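Asks: Protein chains in written order, with our numbering: chain A, 1 to 289; chain B, 1001 to 1245; chain C, 2001 to 2317.
Any given hint could turn out to be false.
Stated by the list, open to error - In silico SDA-like links for lysine to any residue, alpha-carbon gap of 20 Å or less: (1) K1220/B with N1204/B; (2) K1082/B with L177/A; (3) K1082/B with A146/A.
Read the hints as simulated data drawn from the structure, not as lab findings.
Keep in mind that this is a model prediction, so the values were computed, not measured.
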Amino acid sequence: MIPWDLIVIQTVNGIVTGMILALVASGLTLIFGIMDVVNFAHGELFMLGAYMGVIVLAATGNFWLALVLSVLIVALLGAALQIVTLRPLLGRDPLMTILVTFGISLVLQNYALWQFGPVARKIQEPFSGRFQLFYLEYPYYRLLIAALSAAIIGGFWLFLKYGKFGIWIRATTQDRLMAQAMGIPVPLVLTVSFAIGAGMAAASGVLFGPLVGVNHIMGLDWVLKAFIVVVVGGMGNLGGSVLAAIFISLLEAYASIWVSPAQAVIASFIVLILTLLFRPTGLFVPTPK
Amino acid sequence: MSFDGTSVQPLVQVEDIHTYYGKSHILHGVSLHVGAGEVVGLLGRNGVGKSTTLKTIMGLVHPSEGKVLLAGQPVTNLPAHKLARLGIGYVPEDRRIFRLLTVAENLRTGLDRTGVTEARRQELLDKVFAYFPVLAERRNQAGGTLSGGEQQMLAIARAMMLEPKIILLDEPTEGLMPRMVSQIRQIIDVLHSEGVAILLVEQNVPLTLAASQRVYIMEKGAVRHHAVAAELKVDDPVIHQYLGV
Amino acid sequence: MSKRDRTIYWTGFGVVLALLILAPFMLPEFWKRFLTEILIWGLLAMSSDVLIGYTGMVSFGHSAFFGLGMYGAAAAILIVSPPQLVLAVIFGLVAAAAVSVFVAYFSTRLREIYFAITTLIFSQIFYVIIFTWTELTGGENGLTFKRPELGIPGLWSTPFTTETLHWFVLAVVTASYLILRRITQSPFGMVLQSIRENEARTRAIGYPVERYKIVAVMLSGLFAGLAGVLYAVQNRFVAPDFVFFLVSGEAVIFNLMGGIGTLVGPILGAGAFLLLREVFSRLLTEHYLIPVGIIFIAMVIFLPQGMLGFMRRWLNR
């Protein structure tokens, strides 16, 4: 007896979560692709984005303002972090960047705990309103999340393809030395890229906030999944990350029909292991000759 | 001081450069200069430090001792992107075009500078497409799909987009067919006629002697010989000594 | 090492060892146990150093080895009655070894960053399994049990006291240190270091790099598991928290703070970190990780050789 209604519901849920995950992973893969940094603090940028959203929303009552301001604040924070902690490490053992971002994630997590306490906060949805999806009353807001995430990613893709700075980012990602030799201000490009990645994480945090409680450890789950997505999608590959994010979220959503959500995450682990075994450069990336 | 006795400030001056890669001492006190508009050759066997010298001038590698001067100003520790904007163009060995960017996007990386009007951009593009019609044909193709010779042309064209005062060419004819080699020679002549200085690192001795006004010969990380190109023959014992042909 | 260096080294070693043996007579109860904990975490960090410091592979998988060693010991203690120390050690080591084979097989072919991420994910896989398989592992709440007695089965046994437990842990950790030191200075260890310096060249010379890496991971996993066994015996309690990847992260922090690639540095690093944590948590309650984290970040940027590296340079002047 196939539960078709559940499958449709979970498909919708999977796509919604998948788009948020895609947004988080895009930032992560951008940062990795351009400066070879595994940003362990990415989940905390997501979390701080959500908290900024809480604060601005409480102060102004406007969700959209909260979204925009949160992105700006966290992007600036990201730029500052990159300048202070990552720029000095350029050219050194990449192992050090892993350690530094890990240290940053610990500090940010505990800072949030200190400032906001252990009790989860709530972000109010910008509008309520549900439609009938089988026996569920499905919130329109969730569909909005998916659409907005897609729009942000799409906008980012266009920026990469046509914008002047976008070309600078692509050139620096491919060959940092020659980008410099062409007059591209590489240190600035690296800082801005990190800021963009941070901003994307923050946007995800604010958008996702109304679905769950905002607390200091919400980033941990996401950074883990984002890493899986980035590896499965191909490091530095934007399109691959998006596809991988949706694929993995759908798998987990379907799995939770039959097992508990805590166990459903094993689905993504299995995908990772299979990818590493058979297509280590990425599931959706053609194997290089 | 140039060879005809007049003292003109050279465009690029390298004084007693020592460069290391990790613990390896690659350049042992290299000194040379290139005058404005001059074509200067840099010859030597593989591994003597010719490419490292170019990279040091370009700021991609920083010397531990010594100075690099551009139009008399010390630029020794400036980052490469500032030097590119000050007028140094660089065409590395193995070309290193941006493989995933289209031909047009590759060229654009050199055009996206402050102070370049839309009209000037179009002028520069038109000029370079006139010299390299094959690039015009392939302008929307990814750089990685071009043949070796086409990539070399793109690498040179890309550097030209910077409107540089000097172009550092690292073995431009390596691996090219004879027809393309003569095309490279033509480009060097054209650039020279436009007043662009060139520092040409090459293994192709006849080409270098024909295209340059002066040549330096390096061995083991230092300059060992300096001559006016016209006075050096291909079968000169000096050539034989340092290049072992 | 020259003769003179060797004498200095072994004298220093002897002095430190003597101090650690005498410590229980001089310290109050809390600090006695604190010192023992430093030794256990130090062992974990030391095992991680084999990978980071000698082979050049950052691993976040240590929490898996540590945790499985812990749970293996717990299993032995709970299943066999009365609980036997030797069995606990054996079960723990076997569990850790099994996990390390598994992790080694999948991850060693991967480049550094992929390896780090994959080991992290493996830690999480085990975390999720242990967390959700409540019937077997006690789930979120973990397991509690009695402490086995020190002794040889069948011959003699006596319950541990704080002092004897400390000496037992000290003996195990010292033995581990000596073994690991021997191994890292052997030809095998030299190959590991050459892999860290330049993997491509090592492979080009003809060494089967993957096999060396697999052995390194297993070696590392065994000693991490041993640390887990010691922890279980000391605290009579295991929980999934110890399998969470953050624990591996802490081991890496101890490594860096003490000095990567020195084997003894990580123990120093563990001591420094735990001390800092004590100090800061008395001053600032639970948020000690903020200042300690900042100190750590500063060390990565300014003092990447850790305290030992700093002392070494300072002594060489």
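Asks: Confirm or reject each hint.
Replies: Outcome of the hint check:
Taken as a hint, the K1220/B and N1204/B pair is honoured in the structure, with Cα atoms around 19 Å apart against an allowance of 20 Å. Only pairs whose Cα atoms come within 20 Å are accepted, and K1082/B paired with L177/A is accepted, the gap being roughly 13 Å. Distance restraint check for K1082/B and A146/A: the Cα-Cα separation of roughly 42 Å exceeds the 20 Å cut-off, and the hinted pair is therefore not satisfied.
Checked against the numbered hints given earlier, the structure breaks only hint 3 and satisfies all the rest.
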